[in-house]
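Enquirer: Can you build the whole structure from these sequences, using the hints too?
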Amino acid sequence: MITLASDFGSPYPAAMRGVLLSRTDARLVDIAHDLPRQDVRAGAFWLREVLPWFPPAVHLVVVDPGVGTDRAAIAVRAGEHVLIGPDNGILIPPARSLCERQGQESEGFEVCAIDPGEPASSTFHGRDVFAPAAAAVHEQGIDAVANRPFKSWTDLRFPAAHTGADGAQGEVLVIDGFGNVITNIPGELLNGVFGGTISINGDPIPAVKSYAHAQPGDRIATVGSHGNLELAVTQGRGDEAYDLTPGDSVEVILRDEDAMARR
Amino acid sequence: MITLASDFGSPYPAAMRGVLLSRTDARLVDIAHDLPRQDVRAGAFWLREVLPWFPPAVHLVVVDPGVGTDRAAIAVRAGEHVLIGPDNGILIPPARSLCERQGQESEGFEVCAIDPGEPASSTFHGRDVFAPAAAAVHEQGIDAVANRPFKSWTDLRFPAAHTGADGAQGEVLVIDGFGNVITNIPGELLNGVFGGTISINGDPIPAVKSYAHAQPGDRIATVGSHGNLELAVTQGRGDEAYDLTPGDSVEVILRDEDAMARR
Amino acid sequence: MITLASDFGSPYPAAMRGVLLSRTDARLVDIAHDLPRQDVRAGAFWLREVLPWFPPAVHLVVVDPGVGTDRAAIAVRAGEHVLIGPDNGILIPPARSLCERQGQESEGFEVCAIDPGEPASSTFHGRDVFAPAAAAVHEQGIDAVANRPFKSWTDLRFPAAHTGADGAQGEVLVIDGFGNVITNIPGELLNGVFGGTISINGDPIPAVKSYAHAQPGDRIATVGSHGNLELAVTQGRGDEAYDLTPGDSVEVILRDEDAMARR
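Residue numbers (the working numbering), protein chains in the order written: chain L, 1 to 263; chain H, 264 to 526; chain U, 527 to 789.
Do not rely on the hints blindly, as some may be mistaken.
[Unchecked claim] Coverage of chain L stretches by chain U, computed from C-beta distances (three or more under 8 Å per stretch; other residues unrestricted):
hint, stretch
1, 7-17
2, 122-133
3, 156-168
[What the hints assert, rightly or not] Restricting the straight-line Cα-Cα distance to at most 30 Å, the calculated cross-link-like pairs of lysine-lysine (BS3-like) are:
hint, chain 1, residue 1, chain 2, residue 2
4, L, K151, U, K677
5, H, K414, L, K209
6, U, K677, H, K472
[Said to hold, decoys possible] Partial list, derived from the structure: chain L residues whose beta carbon lies under 8 Å from chain U:
hint, residue
7, M1
8, S22
9, Q38
10, T69
Since the hints were made in silico from the structure, they are not lab data. Where is the CB? At the ideal position from N, CA and C, for every residue including glycine.
Expert: Right under this line is the structure:
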């Protein structure tokens, strides 16, 4: 099985499918081809969340603003999974989550360099470098394309939130397609306050178990499917109602008398 | 074969694919993941139209504004097909059309409740409840997850148009991606008037066999691929030119002397 | 293997998948379903670029503004590939590129007419004519549906650019989803000037090997993955910055003293 993820939109991913199918009978499964454009951090977040649900596979990942420069092409072995893509950090968070999902140390992955050869283009290594490498790894194993350990790979880590008994200080990681604001604050923070009101950046907000536990148009705080605190609007867009964008600060106070008084 | 339909956009459907592929080798086929957001009625319409073209399959359907509430999870047996999704009505119109397509009574479907267990999230039952149920039904049959008849399921019916020899009174069901306005008025109404002019909400409109039988920009009335009267603009958007939205009334008069005089 | 390409958006392609899967176990591979709406020329360009990457397959192509008129339905044999779709020119550029890719003369393709029978609709021949034909060709070969040569097929050719030692005069073929402006000027023109500045429609523009060889927001000239001159903006949209649209003229002067003086 080979999964495909990119920010290419359409129809470029089809060229990658053609290259793969010319070289392998592997099942192809699309993750997404509308990952936020050239946004390595957002891509890494989504792949970290989604790839661990898959059985062992080769994961072809191309969000590659540095295509055509000297950034390396890498293959990352994470237990029974292999990730293939550019060395810009995007493969590392999913490599860690795949290791954890398989009961390994999160740092138990190995990074190797891929020899890109003489690619047919300087602008589409998804087609000319990464898809051929993914097919070769699927057919012959990772050593076929990447037998040279690569030490100087680019790391990417998401900032941790500061949490305490009374609340948390964190930030927005990504906005999803519904407009839900996904933070780095662990959802466990809300245990014990569901059905009550908390303070989000100074505003009183109901903490609820899911979107439908409020009226359409209401701002809510809930726990998204990734397990983090999510700021949303029932049947609406949280990013607009909260006026938040990735990187913005989010302060949660579980019991804020002042905010409550302002309700 | 398992088909997938949702309003999730991207990349959430990939998590459902991963869960399915961890549990079954079934062929996966996407119906659509951009069904109108949280719009049970529009989703039911499209599934009613599309699913009967498929061979026997398990159909995983997740448009689920009530996720995390006590709305039931159901499996619907419609001949050799099984539909899996939330009990909000969305499965019922396609269940009826699947029964009819197989030469059965439209009411010949059976509804069973699925035990949701303890889902990992309150916000993504597509991944945590419905995908595992679809995989289990594919591998072991419907009794594996739903052996308990469920009587109090939620029905959903589309309003019927009133038709006569002189015209019809109906309403807009959905707008498609081209902006075509799909009504509930049977297309047979136009038999005998193709090439002529009819009245739509008081305006004179040519009745044509297909879009190209008019000039780009012209408003037309035709019969869509679903068999219903469709209000369109050749190489344009019917919804904007007609200023119509789902639920709006549509009055057709086949021969309206007044409207004709105003041409 | 059957590939599917259309301008249908969603969910209409799912009906084609259902029809195909009711008649064949072929692997289905999506090329794109968001080809520019009713734009035969843009569709032909993308298929010309993408289909040659595939192994032998039946290619179902439906961009069909003339659906329901007397335009013919055709099957085009291009070596081991077969293209199925409407006779509006869209199949011809990919037929030529498929022939070339297989080491044949570009004109070595054959065009046959498909008997459309009595289609169930006048508005969706993708479902009612072309998908059944594609399934039949996959299962039984092209003679099953199209054994009658068709001489009067519609040709489509892209204009050639005029190139010389000092520059080129060409035009915009299409805009891709990133906003990159794809011209008909061969990319070889830039050999020897990478790293320097050229004149594009009178403006001085750096010629670079790939997007990241300039700063975010910079206008650049580069060679796209199709091998043609592409006008882009690093991490931005070239179509907006250059104010260019398909059909517009593009003049390149490799060494323009006047433009350089205006830098």
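Enquirer: Given the hinted pair K414(H) and K209(L), is their Cα-Cα distance within 30 Å?
Expert: The given pair, whose Cα atoms are some 27 Å apart, holds under the 30 Å limit.
Enquirer: For a C-alpha distance cap of 30 Å, please report whether K677(U) and K472(H) respect it.
Expert: Holds, at about 27 Å.
Enquirer: How does the stretch 122-133 of chain L fare against chain U when you require at least three residues with a CB closer than 8 Å, holds or violated?
Expert: Held - the stretch 122-133 of chain L has 5 residues with a Cβ nearer than 8 Å to chain U, which meets the minimum of three.
Enquirer: Given Q38(L) as an interface hint, is its Cβ closer than 8 Å to any Cβ of chain U?
Expert: Check passed: Cβ of Q38(L) comes within 6 Å of chain U, closer than 8 Å.
Enquirer: Would the pair K151(L) and K677(U) pass a check requiring their Cα atoms to be no farther apart than 30 Å?
Expert: 62 Å, violated
Enquirer: Closer than 8 Å Cβ to Cβ for three or more residues is the test here. Does the stretch 156-168 of chain L pass it with chain U?
Expert: violated (count 0)
Enquirer: Apply the coverage criterion to the stretch 7-17 of chain L and chain U: a residue qualifies when its Cβ sits closer than 8 Å to a Cβ of the chain, and three qualifying residues are needed.
Expert: Satisfied; 8 residues make the cut.
Enquirer: M1(L) was flagged as interface toward chain U. Is the shortest Cβ-Cβ separation under 8 Å?
Expert: Constraint on M1(L) not satisfied, violated at 14 Å.
Enquirer: Would the stated hint for S22(L) survive a check requiring a Cβ distance to chain U of less than 8 Å?
Expert: This hint holds: S22(L) lies near chain U, its Cβ roughly 5 Å from the closest one there, short of 8 Å.
Enquirer: Report holds or violated for the interface hint on T69(L), using the least CB-CB distance to chain U and a cut-off of 8 Å.
Expert: 5 Å, holds
Hint compliance for this structure: hints 3, 4 and 7 are not met, and every other hint is.
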